[in-house]
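Student: Sequence order for the protein chains is Z and A. This note's numbering puts the first residue of the first sequence at 16, with every later residue one more than the last. This note's numbering puts the first residue of the second sequence at 665, with every later residue one more than the last.
Think of the hints as simulated: they come from the structure by calculation, not from any bench. Because the structure is a prediction, the values reported are computed rather than measured. Check before you lean on any hint, since a few could be wrong.
[As the list claims (entries may be wrong)] Where chain Z lies over chain A, by a calculated footprint (3+ residues, C-beta under 8 Å):
(1) 673-681
(2) 704-718
(3) 744-756
(4) 862-875
(5) 976-985
Don't be surprised by glycine CBs; every beta carbon is placed ideally from N, CA and C.
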Amino acid sequence: MNKKHKLAGLQKRKAIAGYMFISPFIIGFLVFMVKPFFQSLYMSFCEVQLGSSLFKPVWQGLVNYKFAFTVDPEYNRLLVEEISRMMIYSLAIMVFSFFVALILNQNFKGRALVRAVFFLPVILSSGVILGLESNNQLMATLAQQVELSAENVSITDALENILMTAGVGTRAFETVFEIIDNIYDVAIASGIQIIIYLSGLQTIPKSMYEAAQIEGCTKWESLWKITFPMISSLFLVNWIYTVIDFCMRSDNGVIEKIQEVMIDQMNYGLASAMSWIYFVIVLAFVGITSGLISKGVYYYE
Amino acid sequence: MSKKNKAKTFENFRERNKKSGGYLLKKRIMEYGVSIARFILLFGMCFMILQPILNKISVSFMTESDLYNPIVISIPEHFTTENYRLAAELMNYKKGIVNSFVISLTIAILQIGVCTLVGYGFARFEFPLKKLWFACVILVILIPPQTISSSLHLHFKFFDILGLFKLLKGDTINLRGSVIPYYLLSAGCMGLKNGLYIYMIRQFFRNIPSDMEEAAYVDGCGTLKTFFLIMLPEAKPIITSCFLFSFVWQWTDGFYSRMFLGNTTLVSLSLSRIVDSLGAYIQRLTGVKTTISIAYSNCILATGTLMIILPLIILYLFAQRQFVESISSTGIKM
Chain Z
16 MNKKHKLAGL QKRKAIAGYM FISPFIIGFL VFMVKPFFQS LYMSFCEVQL GSSLFKPVWQ
76 GLVNYKFAFT VDPEYNRLLV EEISRMMIYS LAIMVFSFFV ALILNQNFKG RALVRAVFFL
136 PVILSSGVIL GLESNNQLMA TLAQQVELSA ENVSITDALE NILMTAGVGT RAFETVFEII
196 DNIYDVAIAS GIQIIIYLSG LQTIPKSMYE AAQIEGCTKW ESLWKITFPM ISSLFLVNWI
256 YTVIDFCMRS DNGVIEKIQE VMIDQMNYGL ASAMSWIYFV IVLAFVGITS GLISKGVYYY
316 E
Chain A
665 MSKKNKAKTF ENFRERNKKS GGYLLKKRIM EYGVSIARFI LLFGMCFMIL QPILNKISVS
725 FMTESDLYNP IVISIPEHFT TENYRLAAEL MNYKKGIVNS FVISLTIAIL QIGVCTLVGY
785 GFARFEFPLK KLWFACVILV ILIPPQTISS SLHLHFKFFD ILGLFKLLKG DTINLRGSVI
845 PYYLLSAGCM GLKNGLYIYM IRQFFRNIPS DMEEAAYVDG CGTLKTFFLI MLPEAKPIIT
905 SCFLFSFVWQ WTDGFYSRMF LGNTTLVSLS LSRIVDSLGA YIQRLTGVKT TISIAYSNCI
965 LATGTLMIIL PLIILYLFAQ RQFVESISST GIKM
């Protein structure tokens with residue numbers, strides 16, 4: 016009896032200590048996340064009236080949602096554009112970073128330098144800098160001028176033309192070409208993913224490859240039979256990270272639209288409705304895709 | 665001597681090749697081929713990543729006439745540092761960089777300190793509802809801050825703790841435009857990408873064997889003392905790298921800064937406005953509203969960007985190892 020009581024006491028002490036450690040998170044979560052979360056959900060159904068010191072949401076049902084979908088001229092288009100761009104680019108980023116991680120995992124001279132360069136985008140493509148790079152109209156016009164003046168000089172263009180005239184120019188090919196044209200965007204967004212893949216590749220024991228090689232397995236086969244299953248859990252991590260990262264980028268069209276509605280037009284209700292639509296769509300997308308991916312994940316332990 | 669040696673090894677190689685039936689030569693050629701292809705590929709990709717920076721550097725030293733000169737491509741004919749002076753003036757660089765530095769540093773220290781505590785709590789203690797709270801951490805990672813931003817905006821505009829201020833002063837406080845809200849957010853782990861830091865730190869703590877900790881407990885060391893004296897030194901690499909991330913992302917962040925630190929001169933904010941300020945500056949000089957040429961404003965923008973990422977690049981050069989190596993050592997897994 017006495018012993019049992021003492022054990023419960025120790026467990027209790029540990030539990031209390033644990034709660035003490037995570038208390039900042041709990042307080043922060045309750046104060047800064049839960050309340051604004053539900054408030055913003057509520058506001059999306061309201062018209063928010065703002066005065067000098069008053070803030071009064073007036074219930075009006077689904078008006079904001081209807082407005083976002085049917086009246087606002089840009090929102091639908093931006094939503095569709097951004098979501099489809101997200102799918103394509105996330106896939107491209109996954110493939111690219113996996114490929115680069117495979118190369119960087121090999122032994123060669125100057126590997127440290129190359130790794131440093133590939134990780135540089137994590138710094139260079141964060142926050143406002145990214146928005147400046149791709150959102151800059153001036154840059155775009157300049158690039159167009161360069162393209163016009165150097166017509167058909169680039170290899171990709173020539174290749175594109177050849178393939179188009181050969182009759183393979185379907186929609187899928189156009190997408191592939193678009194990605195190749197924007198390979199810089201892909202490379203610059205895949206710094207963290209490369210590191211995560213690398214960390215996974217380094218945990219695969221060398222003996223596995225050796226055994227496979229002795230059994231007569233080629234490198235290509237061991238890539239699919241060993242490397243792929245062994246780091247498949249990282250595909251899930253990377254996929255979620257990539258999609259979320261893409262959705263929160265400051266140069267995202269939908270985000271910009273929401274910011275504009277909120278800060279410039281002071282229409283809090285509409286802004287909340289728009290961000291909720293976006294959030295639900297993204298969450299559903301992440302949920303469905305990661306559910307599909309996690310079915311194929313292989314756990315070694 | 666060495667030539668003779670070389671010849672000998674060559675002879676040796678030919679003999680060995682003959683014995684292996686041509687396999688050795690084939691393999692050697694394969695190896696060289698792969699490494700050459702790899703070099704070309706990596707060189708191309710590295711160049712692709714570095715090229716915009718190199719381009720910006722060369723543009724930033726050009727005068728306006730160089731920008732329009734079709735012969736000048738990357739090396740300026742009239743070398744000038746005038747662009748840097750102008751960009752610094754437009755961005756209020758001296759004040760901005762001090763402000764940015766102070767804010768990024770304090771915010772990063774606060775965020776990482778709190779996140780380390782929370783991460784340790786999640787990794788090492790068993791308590792009721794642990795799974796639920798951890799699901800909340802994942803939720804924080806997944807929710808885009810933009811979803812709740814409008815409401816947070818209002819939350820701080822009419823800030824009140826349980827109606828306390830209204831009772832005392834008769835009105836709520838407007839915290840918008842001051843720095844306090846962001847520090848409060850950071851102290852509550854709700855800052856920029858804080859969920860990610862918690863996740864990474866927890867993962868790292870989970871991989872440390874618990875023997876040392878248990879030994880400390882047995883010897884009568886308290887929970888806090890164990891944490892500070894034993895676990896913290898072990899977790900140095902991950903804390904350093906999270907700190908660096910936090911610092912860098914805070915430095916360039918536009919979203920939170922625009923929302924909470926709007927009145928403070930920060931380099932990231934002034935960079936996003938630099939083209940507009942250039943227009944205003946020229947208008948002030950000439951008195952006429954003119955449109956600035958594309959090339960020139962682009963050049964100023966490039967210069968400004970360079971000036972902002974310069975401190976980060978210096979930091980990166982020193983701490984490159986921490987950035988790259990420590991993440992691979994955490995072994996992030998689901």
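Student: Please go over all the hints and tell whether each is borne out by the structure.
Tutor: Okay, the hints, checked on the actual structure:
| no. | hint | verdict |
| --- | --- | --- |
| 1 | 673-681 | violated (count 0) |
| 2 | 704-718 | holds (count 9) |
| 3 | 744-756 | violated (count 0) |
| 4 | 862-875 | violated (count 1) |
| 5 | 976-985 | holds (count 4) |
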